[in-house]
Amino acid sequence: MKRFHVTVAILVTALALIGSTGLGAQSYDDSSAASTISSEVVGQNKKSQLPELGKAGSPLLLEETIAFALAKNPQIAAARSRWEAALSRPKVVSSLPDPAVGVTYFGEQIETRNGPIRGGITLSQRFPWLGKLKTKSKIAQSKAGVFGERYESTRLVVTSRVKQTYFELYWITKAITITRSNVGLLKQLEKVAQIKYATGKVPQQDVLKAQVEISKLQNDLDTFVEMKTTVEAKLNALLGRPPEAPLGDPEGSEFERLTLDLDSLYKLAKASSPELSLHRQLIEKAEGELKLAKLDYFPDFAMGVQYQQIDLGAPMAPQEGLDAWAVMFSMSLPIWWGKKRAGVSEAETKTLSERFAYSDRENMLLFEVKDSYFRINTAQRQIILYKESLIPRAEQSLRVSEESYKADKTDFLNLIDSQRMLLHFQLAYERALADFQQNLAGLEEIVGAKLPESKSK
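Count the sequence shown with our numbering and you get residues 283 to 739, in order.
Watch out, some of these pointers could steer you wrong.
Stated by the list, open to error - Subject to a maximum C-alpha distance of 25 Å in a straight line, what follows is the list of computed SDA-like cross-link-like pairs (lysine to any residue):
1) K416 / K621
2) K491 / E345
3) K669 / A710
4) K425 / R362
5) K732 / P341
6) K469 / Q493
7) K669 / N659
8) K552 / S635
9) K416 / A575
10) K691 / Q486
11) K510 / K652
12) K621 / L412
13) K498 / R713
14) K498 / T692
15) K632 / K469
16) K478 / S686
17) K576 / G413
18) K498 / K510
19) K425 / I565
20) K478 / S463
21) K414 / S370
22) K373 / L577
23) K510 / P341
24) K483 / G466
25) K576 / S614
26) K732 / F649
27) K576 / F611
28) K491 / V474
29) K549 / S641
30) K414 / E628
For the record, the hints were derived by calculation from the structure and aren't laboratory data.
The model shown is predicted, which means the values in this text are computed figures rather than measured ones.
With these hints in hand, go ahead and build the complete structure from the sequences.
Shown next, in the form of structure tokens:
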């Protein structure tokens, strides 16, 4: 019995050593990806003191808002966790399967010339065909790469949405300021009309027109105020904060022209877009699955050792009670070729499908680049038009109309029309500024990089 225990211990130790050496297993070095995540965690720890958004008297700055979102947005945290989980998978699939152990006990002992067999123990280890574990590891690495690109894409999407919401809030804040200013202007014009009406120079209709315009603008002002609370709630959601959390008024951003031409944007999108990188990873994954399907034509092997305990009971035997042992070797028989061919055909079709998907996404991506480029150019042109031409002329027209009305040289309707035109141009100018920044944010999301700009003169 003592020999039995010693032999079992030796066999278990041998198999443990085989497993620890990873014979037939593919090692996977995830240090690069792990260091990327670690550096991000360190960076977040360094920025643990995030800006206090909504502090009384402090404006809402764009860069601080983006930094807050990258640190606190739950969608980004979820994508990062999925990536971290996927990084562990290559080690799982590249390891050998667990060894198997079997114990035999004979109820009726089998007699041999050396004595009766009491029982035995068998230990075995299965080894996949050379290259299978390595291929599985590469497939898992490609899948982890997919999750990594999705994480990067999520960061870009959240950043873009924060920018777009930030500039929507900027536009509404400006609209409130402009509308309030125009309400004040109309109240001054109403006083002028009342004075002229009191002296009999104009009909009461002028006063009523001014009051109607004031009521209309006040209604617009109330609508803008309500819209602002909704946009603030959306921005807070992106920041991982409660809907009613306080936010300061956005400062906006100085208008800067886009310097890259369309061809440069195309090249940048092809090189930097996480979506295209994601599809490239999917192609690599499909190619790995195709290789693995072809490797299924080859057999897997198993090796093992068997030990049998023989008791004393044959005194005349030359080797009485000598235990027996054996080495085993087996292999699978991949004879069902129809199944193998179907697996290869399926993998080939998936690979072809992923290549088509990459081509389709690339084409759509370039279209999105061109569409955003057109929108940005349109906004740039409108900004310059309103700033350099329409608004100055509308301001001049209003001054002339106001002076003419006071001098009884024009009617109140012309004065109101001048005021309406200036209000329209002022709001349209701020809308164009917001549209420019929002479309620029969308373009940065598409190409996967921050775009260089030049200050507008």
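| task | Mind listing which of the numbered hints don't hold for this structure, in increasing order? | result | Going through the list in order, the structure violates hints 2, 11 and 15 and respects the others.
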